[in-house]
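For the protein sequence lines, the chains are A and B, in the order given. For the record, in the first sequence the residue sitting at position 263 is 263 according to the numbering used here, with numbers rising by one throughout. Position in the second sequence (first residue = 1) + 1000 = the numbering used here.
Bear in mind the hints are in silico, worked out from the structure with no lab data behind them. Each statement offered as a hint is correct.
Mimicking SDA-like on lysine to any residue, the simulated pairs with C-alpha atoms at most 20 Å apart in a straight line are: (1) A/Lys-179 <-> A/Ser-14; (2) B/Lys-1179 <-> A/Asp-103; (3) A/Lys-216 <-> B/Leu-1253; (4) B/Lys-1216 <-> A/Ala-262; (5) B/Lys-1050 <-> B/Thr-1134; (6) A/Lys-270 <-> B/Phe-1257; (7) A/Lys-43 <-> A/Ala-27.
The model shown is predicted, which means the values in this text are computed figures rather than measured ones.
Protein chains: 2
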Amino acid sequence: MSQTDNAAVAAHLSHVRIVMVNTTLPANIGSALRAMKTMGLCKLVLVDPKTYPHPDIDTLAAGATDLIEQIEVVEQLEDAIADCHLVFGTSARSRTIPWPLLDARPAAEKSLNAVAQHGQNVAIIFGREDRGLTNEELALANYHVTIPVNEEYGVLNVAQAIQVICYEMRMAAIDIVGKIADPAATMQVTDSEAMQWDEPLVNHEQMQQFYPHLEKMLAEIEFMDPKNPRLLPLRLRRLFGRIQLDRMEYHLLRGIFSRVQAMNNGSWKKSTSTQDEDQTNA
Amino acid sequence: MSQTDNAAVAAHLSHVRIVMVNTTLPANIGSALRAMKTMGLCKLVLVDPKTYPHPDIDTLAAGATDLIEQIEVVEQLEDAIADCHLVFGTSARSRTIPWPLLDARPAAEKSLNAVAQHGQNVAIIFGREDRGLTNEELALANYHVTIPVNEEYGVLNVAQAIQVICYEMRMAAIDIVGKIADPAATMQVTDSEAMQWDEPLVNHEQMQQFYPHLEKMLAEIEFMDPKNPRLLPLRLRRLFGRIQLDRMEYHLLRGIFSRVQAMNNGSWKKSTSTQDEDQTNA
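Just chain A, same shape as in the assembly (with noise of 0.2 Å):
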C-alpha cells in the first residue's frame, strides 16, 4: 500500500472508536491499544473502568503510547456515543429482545461505508470481562455485532474480540479506500493472487516461443517423439501455464534448455575446472 493510501485508511478510520465499559483488568486496556494501533484505529473510550490509570496498560501498548494520551475516560456509556452516528454492542449471548445483528465482516463494512459516505462517527461497544453488557447498555446500540465464533467454545476475551473488530475495520477501510482510488477496480476487488512481484511476468506471446524449446529440447533427448507426442506437449502447457513465469525464471529455464542442448549435441564442452561454469541467469 502506497504512503497515501495508509494515510487514507487512517483518516477513515479515525471515524471508528473502540469503546470498554467498567473494565476490570489494566491488561486488557493496554491489549486494546495495541491492536488499534496495529490496524490504525486511534480513539479509545473508557466508561467507568475499575482500575485506572495503571502501569500494566503502558506495558501491553508498548510502542503506542501517543494512544494511550488521547484515552478518553467517562463515567456514562451516552456521553461515550453522543456524537456518533452509528453504534454497535458486543454481545455473545442472544438476548430476551433479538437486535438487528450483523457479523464483525459486515458490521465492519457498514461502518466504513457510514464514515466514507457520511463522514458518520461509529462506536463499537465492549462490555466486562465477565459480564458482558447489560440489556439496557445494548439496547443504546443501533446493532448488535457478533465474531461467529466456534459455537461450542465461545470464549473470545475481550482483547482477541477488540484484535477481531479492529482487523475487520482496517480490512473495509483499505477496501474503501481502494475503490475510491481505482473506481474501476471495484467489481474484482477480491483478486486472490495480487503480490507484488520483483519482475514482470511474460506474456502469452513470449511463451509461445518458450513451448517450442521445451519440446524441442525434449525431442532432442529423445524423451518426446516428435511424430507422436501423445499428451505431453499439453501437459507441459497445463504445467507451465499455471506457473506465469516472470522474465527472469523464463530466461532461466531456457537457458536450461539451450544448455541441456549443447551438452547433448557437443558444443558444450565440459569444464574440468568449476570456475567457468555459466551462472549469469540465477
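Got chain A; can you put chain B on it based on the hints?
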C-alpha cells in the same frame, strides 16, 4: 449456524494446522491454543519449542485442554509439514527474493478451497517471537502470508497474528460450507482454482525429493555450481512451489531430469530409429 454446519466447518478446519517454530514464551502457545479453539481449529505442531511443557500453557489455554493433548512436537520444520500440500509462511518483512505473497483473507480462501476440493492439508508457519522465520524456513512455503497492518506500527505479536489467521480460516470455512449447503450460490465462486483435477497433487515431502534431483541434474550439466549455487535453488523453489505439481507432472519432470542425466553421462544410448522412444510418462 446449525449444528450440522458447525460440524462441517470443524471438519474442514481439521485439515488446517498451525505450526509454531522455536517459540520462547509458553504463554504464547497457550494463547495460540485458545485462539485456535475459539475459531474451531484443533491441530498445533510445535517445532523445537524452547520451553515445553509449561504450566503457563495450561493457564492461557483454559478450556482448550483437549487441544493440549493433541499438540505434536517435532524437531525439524520439515517434519511438521511433510504431509501438507499447501504451506504458508508468515512474514512481516520483504525478503531478498519476493515470494508469492497473499493477504490473510485470500490465503484463507485458497486454503479452504484446497481442503474442500482436494482434501488437502494446509499448514501456516509462525516464527520466533523476536526474529520470525529464517529465509531457509520461508523457502519451504508455497506462499507467504501477511496481515495488512498499519505500516507505521506493524507489530502484531505471534498470538495476535495466530488469532487473525484462525479467524480468517474460520470465516473461509463458514463461507465454503455455506456454498456446499446452497449449491445455487456456487456459481458465483469465480475461483480460478476451482478445477477438477485428474491426478492427486504431490505433497511437501515428495517435493523435497524433487528439488535435490533437479539441482543434481543442473550441477551435472554445469548449469549450477553446487559449491556456489547463488540464488538458483531459491528461484527454482519459488517457481515450482507456485504450481502444486500433480503426481503425473511430478513423474514427468523427474523423468526428464533422469533422461538429461543419462544422456549426459552416456548411460542412455541415442537411438538410430525413432520407434523405441520412451513415452511412458506422456
